[in-house]
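Mind docking chain B on chain A? Use the hints.
Protein sequence lines, in the order shown, are assigned to chains A and B.
Residue 1437 in the numbering used here is what sits at position 54 of the first sequence, and the numbering runs on without skipping anything.
Residue 516 in the numbering used here is what sits at position 196 of the second sequence, and the numbering runs on without skipping anything.
Don't read these hints as lab results, they were simulated from the structure.
Each residue gets a CB set at the ideal place from its N, CA and C atoms; glycine is no exception.
Take these hints with a grain of salt, some might be off.
Said to hold, decoys possible - Okay, derived cross-link-like pairs now, DMTMM-like style, lysine to aspartate or glutamate, Cα gap no bigger than 25 angstroms in a straight line:
#, chain 1, residue 1, chain 2, residue 2
1, A, Lys1621, B, Glu355
2, A, Lys1450, A, Glu1500
3, A, Lys1488, A, Asp1458
4, A, Lys1621, A, Asp1594
5, A, Lys1621, B, Asp361
6, A, Lys1450, A, Asp1632
Stated by the list, open to error - Estimated spans, in silico, between C-beta atoms of each pair:
#, chain 1, residue 1, chain 2, residue 2, range
7, B, Asn607, A, Met1487, 47 to 53 angstroms
8, A, Ser1654, B, Gly495, 30 to 36 angstroms
9, B, Arg520, A, Glu1579, 52 to 58 angstroms
10, B, Leu509, A, Gly1615, 44 to 50 angstroms
11, A, Asp1538, B, Gly495, 54 to 60 angstroms
12, B, Val608, A, Gly1427, 50 to 56 angstroms
13, A, Asp1592, B, Arg584, 45 to 51 angstroms
14, A, Arg1446, B, Leu469, 18 to 24 angstroms
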Amino acid sequence: MTLTRSVLTIVLLVAGCGQRPVSESRLRVVSLVPSVTEILYAVGAGRMLVGNTNQCNFPEAARGVYKVGDFMSPDLERIVALRPGLVFLTLPMHRQLLDKLIEMKVAVYVSRPASIEAVFGETDTVSQLVGRKAAGESLVADMRRRLDSIPVFADTLRVYAEISGTPLMTAGGGTFVNELLARAGGQNVFGSSLQEYPVVDPEAVLAADPDVILLLHPDMSNADIAGRIGWGDISAVKRGRIYDHLDEDLFFRPGPRIVDGIVLLAQLLHSAR
Amino acid sequence: MQRRFFPAWIGLAVFFVLSSVLSVATGPGGLRGVEVSPVMDLRLLRLALGIVAGGVLAVVGASLQGLLQNPLADPYTMGIASGAALGAGLTLVLGRTAGALLPVGGFAGAMATMLAVYVLARVRSRVTVTGLILAGVIVSFLCSSLVMLVMILGRRTLGEAVYMMMGHLGTVFTGTSSWLFLAVAVLSLVGCAWLFSMSRSLDIMASGEEAAATLGIDTQRTTKTVFVIASVLVGMVVSFTGVISFVGLVIPHLVRMMFGPEHRRVIPGSFIGGAGILLLSDVLARNVVPGGLPLSIVTALVGVPFFIYLLRSRL
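In isolation and in its complexed conformation, chain A is listed as follows (with noise of 0.2 angstroms):
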């Protein structure tokens, strides 16, 4: 599924960067997604951030940097006011930001990577392009390693990952929260669900009947939702396996810290027992 879904790299480096790495001094780069900042940071590339976005948040360094706008909505002008060497951005969310900075042949890199193998793959192609290759590759492996100490799961269990309460919406197929889930012992019940976040009847909710439920959104608590009507009889409720005020941001970025969310995940699933 996501697996088969290969990184979609465009490249593209004007005159001066050429193929080769770029000299760090010199090269000033914009991240507008915080993924690719935590990749940044990891690999000791962090000073030559000139600017990102408020979503930006880790590590705690990243929050001082100079800020050009939402994620959702970052601004032209300043980034083009930056004078960056490279500009990395994702889509479709910046679909027109990308246009108009190739029109402008500033150099940018779309990353979007859709499974745990593909983070790995940019991990390896952000280190390049800000010349700390080596960096790059020894992160990728104790990622790896990491990853591959995880045992895995003989027995799944049926997860209803909530990201928001009112309406009630979730995670569904093609997502990261899926992958890692899956990676993790667990199954997404929503998971064959096309859209990415779909909004889910509270019915269908009952009808999955989950042994487990994650709250990937910050204002409830897993008393909120042991208290909603009907839900009593919900497998995990009956059992108290709710979780509640989970790191989002470790199961939503495709970054340094994706191991970090499926060890999380895969402790909630499987060492409670």
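Relative to the frame of chain A, chain B by itself:
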């Protein structure tokens, strides 16, 4: 009750009952869901929410149209619905214990918007109908933008903002919120009954404000009363369902085509018709497209052709 309206009442009642039955019989669990007690509980709550929301929106629309003698007046164009959404949105974003406060937030938002519209429309201590509608539309736009802003700043998903602005009946009830809803439902019925009791005044107001004044109607007081009731009702409903457009605007017109302009028939007719059309729209919204649709999309798709047909067949 005059005999010539009998068929129309029967038709309306049949439509309402059919919509209700469809609403309870369908859902992701299919017809079998009716036998499962928690599923049935959810469907009955959804049914109740649909009836209250549809009924209230249509009755408020009918009253505002009569009061302001303007066919475009409704909870949406007057800014009340968007204001309620803003109030509810703010409550939602500001605190996680907001669940119980949501209807209060919605009501406060609706009330504040109504006041703002009234003040904006008052030029040299005179409030004109055109002024009210214009101010309402402008404030409505402003509130819609502010809802988006609040939701984005509050780190809510875009989907949540969309459903807040386009309506849904997928509210998940807890023990507390179901009691709250019960209170809201009772208050809504009282409010609708109150508007019904003002039918005579609304009839006279509809024939022109000056005529009403000569006939001994306290127009200022009637206006204020209707506005306050409208704000309370719409504010509470919107906090549960988000903004559902079209029902409040078009249902009263449909009902007037059936029963004529007298409010003692238009108001109860609007309640039944509004509830029916909202339930039917919800049945389509949740069953036709996998994953469901925001309600306002369906209310418009269902209602507009129906409305055009009725309009054309009268010409």
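Hint check results:
1. Lys1621(A) to Glu355(B): Satisfied, since the Cα-Cα distance of roughly 21 angstroms is no more than 25 angstroms.
2. Lys1450(A) to Glu1500(A): violated (30 angstroms)
3. Lys1488(A) to Asp1458(A): holds (17 angstroms)
4. Lys1621(A) to Asp1594(A): With a Cα-Cα distance of about 9 angstroms, the restraint between Lys1621(A) and Asp1594(A) holds, given a limit of 25 angstroms.
5. Lys1621(A) to Asp361(B): Holds, at roughly 18 angstroms.
6. Lys1450(A) to Asp1632(A): holds (19 angstroms)
7. Asn607(B) to Met1487(A): 47 to 53 angstroms: holds (48 angstroms)
8. Ser1654(A) to Gly495(B): 30 to 36 angstroms: holds (32 angstroms)
9. Arg520(B) to Glu1579(A): 52 to 58 angstroms: holds (55 angstroms)
10. Leu509(B) to Gly1615(A): 44 to 50 angstroms: violated (29 angstroms)
11. Asp1538(A) to Gly495(B): 54 to 60 angstroms: Roughly 34 angstroms apart at Cβ, these two residues miss the hinted range, so it is violated.
12. Val608(B) to Gly1427(A): 50 to 56 angstroms: holds (53 angstroms)
13. Asp1592(A) to Arg584(B): 45 to 51 angstroms: holds (50 angstroms)
14. Arg1446(A) to Leu469(B): 18 to 24 angstroms: Holds - the Cβ-Cβ distance for Arg1446(A) and Leu469(B), about 22 angstroms, lies within 18 to 24 angstroms.
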